[in-house]
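Enquirer: Using the sequences provided together with the hints, build the complete structure.
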Amino acid sequence: MNSRNLILVLVGIAALIAAPLGQGNYVIYVLCSWLIFSIAAMGLNLTLGYAGQVSLAQAAFMGIGAYTTALLTMAGVHWIFAAPAAMVLCFVIGLVLGYPALRVQHHFLAFVTLAFSTLTFLVLRNEEWLTGGSLGLVGIMRPKFLGFDTMPQLHFYYFTLAVFVLVALLFWGLVHSPWGRAFKALRENPIRANSLGVDIRRMTLLAFAIGSALGGLAGALAAPLVQFIDPPAFSLMHSLKILLMVVVGGSGYFFGPILGAGLVIVMPEFLRFTEGYYLMIYAAMVLVLMIVCPTGLIGLGRKFASQFKGRSVRGDLKEGAKL
Amino acid sequence: MTAHVRNAADAGASVLSVRNISKAFGGIKAVDDVSFDVNSGEILGLIGPNGSGKSTLFNCILGQLKPDQGEVRVNGQSVAGKRACDLNKLGVGRTFQMLQVFPQMTVLENIILAGQEHQGTMFTRLFGPSDAGLTEEAAKLIDFFRLGHLRDELAGSLSYGQQKLLDAAMAFMAGPSLVLLDEPAGGVNLTMLENLKERLVAFNRERGSTFVVIEHNMDFVMSLCTRILVLAGGRIIAEGTPAEIRSNPEVIEAYLGG
Ligand SMILES: Nc1ncnc2c1ncn2[C@@H]1O[C@H](COP(=O)(O)OP(=O)(O)OP(=O)(O)O)[C@@H](O)[C@H]1O
Ligand SMILES: [Mg+2]
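So the sequence lines, in the order shown, correspond to chains E and F. Under this note's numbering, the first residue of the first sequence carries the number 1, and numbering increases by one thereafter. Under this note's numbering, the first residue of the second sequence carries the number 1001, and numbering increases by one thereafter.
A few of these clues could be false.
Unchecked claim - FRET-style restraints, in silico, Cβ to Cβ:
hint : chain 1 : residue 1 : chain 2 : residue 2 : range
1    : E       : F111      : F       : G1240     : 52 to 58 Å
2    : F       : F1123     : E       : P268      : 41 to 47 Å
3    : F       : G1156     : E       : P268      : 34 to 40 Å
4    : E       : W172      : F       : G1187     : 50 to 56 Å
5    : E       : R4        : F       : G1051     : 53 to 59 Å
Stated by the list, open to error - Covered by chain F, per the in silico footprint, the following chain E stretches (three or more residues, Cβ under 8 Å):
hint : stretch
6    : 165-177
7    : 186-200
It is worth saying that the hints were derived from the structure and are not from the lab. Cβ coordinates follow ideal geometry from the N, Cα and C atoms, glycine included.
Expert: Here's what the structure looks like:
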C-alpha cells in the first residue's frame, strides 16, 4: 500500500468512527448492517472475485454462523468463544461444499450452492428442537467485554467496527500474500496454475472454506445486532443480495464489496421518499451500472481515473517512441 | 533456481523414461504404445504431422491426462497417480500448445507465481512476504527473456509473441531439471525466435536442464535439438540426429502423406 492509499484508509476509518455520532438508533443500525454485510461480501469476494468459484450460499453461512452464535451465547458461552466456533463450523462446511467445485464449474456450481442454500433454510425451519423453527430464536444477548457493554446501540456499532477493521486488515494481508496470487491464478487459468505447482484442489477448497468462515462471522455479529433470528433472514434472496454487493462494488477488488454493501444497504434508505418505486429505481440503477461497467463501481472509478490521467501507454510502446 | 539442478556426474542418465504409453479417444488411438527415454542434458525434438499425438503424449506424461496403459518415470520415480502440480514439484516444467498466461496479472506476478509454490510451506506463503522473496530472481529471469521493459504491464496487454516468451519463461522459474515445451515457436517472429533458441541453449549449458520440444518449425528443431523423435499416427516411426531425420524416407512419406 502506498502512502496516499494509507492516508485514504486512515481518513476512511476516522469517518467510520465519526459516522454514528449524534445519530438515532435506526441510522446506527443501518451502519452496523453495512459493516456486517461488508464482512460477508468480503468472504464471497474471496470465493468468487479472487478464486472465481460461483457461490449462491453466502447468506446460508451467515445463518449457520448466526444460529451457532445465538445458541452458544444463550447457553452461557461468551461471544468471544461462540463466534470463533461459528467460524470454524462454517469453515468446515465450506470445505465440504467446495468438493463439488472440484468437479463442476460456473452455472453447475451455482446450482449446487443454491441447493445447499435451500437445504440450510429447510434445516433451520424444520429442526424446531434446535432452531425454534419458523419462530426463530428470541432474546439473544449482546456481549460484554471487560466492562464494555455492547448493549447500547452506539457501543455495539464500535464493537462491530473493531471486528470489521480487524477482518479487513487480515483480508488485505491474505489477498496480497502468495495465497492471494494462487487464488487469482485459479480464477484465470487453473490448468496452467496446476502445471506451475499450485495445488488447485487445495486452493479451491480453501477459497470456499475461508469465504464461508467470513460469512459465519458476519452471522455471529448479525445475531446480537438484531437479537432475534429466523430462517427467512438467511434465505436465498439474501445470498443473491450479497452476490449483488460483490458484483456491483467490483468483484476481485479489495474495496469492491465494501462499497457494494454500502450501496445495496444504504441506497434503499435514500430512496425511501419515492415510496413504492424505490425497488424499481434501484433495479434500473443496477442494470445501467452493469451495462456501462461490468467490473462494478471500482471498475468504473478506474475507468474515469485512467481517462483523467490520459490513457496509460504500454511499456514497449513507450520504448518504441524513444527509438 | 538451483533447486532441481542435477550435478554433472549424472549426465547421460535417463531423466524421463516412457514405457508403452497408449491413449485412445473413442475409436481414435491418439498415442499407440510409445516408449522412449530422455537423457540428462539433452534437447530432444518431438515432431510429426498435425494430429499425430504429440500433445496428447505430453499430457499423458505430465498427469494432465490419464494414459490407458504404460508407465512414466521421472528420475527413476514412477509418476503414476501424480497430479500435474506434484510433477512440477518434482522439477518438471512445461508449456502448453495453446498460449497460457494469467492475463490479469502483471508479467512480474506471472513469473513470481511460477516460483512461489516451490518456496517454503503453506504457512510461510500465507504469513511470509507477499512476493515469497522472489522479486529479484523473477526480475532477472524476465530480463533474461528480454521482457524487462514490460515487467509491470498486465500479461494480457502483451503481444502474442511476447506472451509466448512469458509463457516459456514461467516454465523455467522454479529451476526445473526437465522442461517439456509444446510448440514454443508458434507465432513468434524470427528475431524473437533466435532469442528464444539462445535462451534455451543457455539454460541447457549453464544449468544442465533437459528439454523435450514439440515443434513444427523445422529450422528451429533441427538447429536446437541433439536428437529427434518422429511421431505419426500415435507411433514413433523414426529416431535419430537431425541429419538422419532429414534424409529418412519414412519421415518424408509421413509428412507428405499425412
Ligand atoms: N480431448 C480430446 N478428445 C478427443 N480427441 C482428442 C482429444 N485430444 C486429442 N484428440 C485427438 O487425438 C489425436 C492427437 O491429437 P494431438 O493434439 O495429440 O495431436 P498433435 O500431434 O499435438 O497435433 P498438432 O501438431 O496439430 O498440435 C487427434 O486425432 C485429436 O483429434
Ligand atoms: Mg499439439
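Enquirer: Are the hints correct? Go through all of them and say.
Expert: Tested hints:
1. E:F111 - F:G1240: 52 to 58 Å: 54 Å, holds
2. F:F1123 - E:P268: 41 to 47 Å: 43 Å, holds
3. F:G1156 - E:P268: 34 to 40 Å: Since the Cβ atoms of F:G1156 and E:P268 sit about 37 Å apart, the hinted range of 34 to 40 Å holds.
4. E:W172 - F:G1187: 50 to 56 Å: Roughly 39 Å apart at Cβ, these two residues miss the hinted range, so it is violated.
5. E:R4 - F:G1051: 53 to 59 Å: 55 Å, holds
6. 165-177: Contact hint for the stretch 165-177 of chain E vs chain F: holds, 3 residues under 8 Å.
7. 186-200: With 12 residues in contact (Cβ-Cβ under 8 Å with chain F), the coverage given for the stretch 186-200 of chain E holds.
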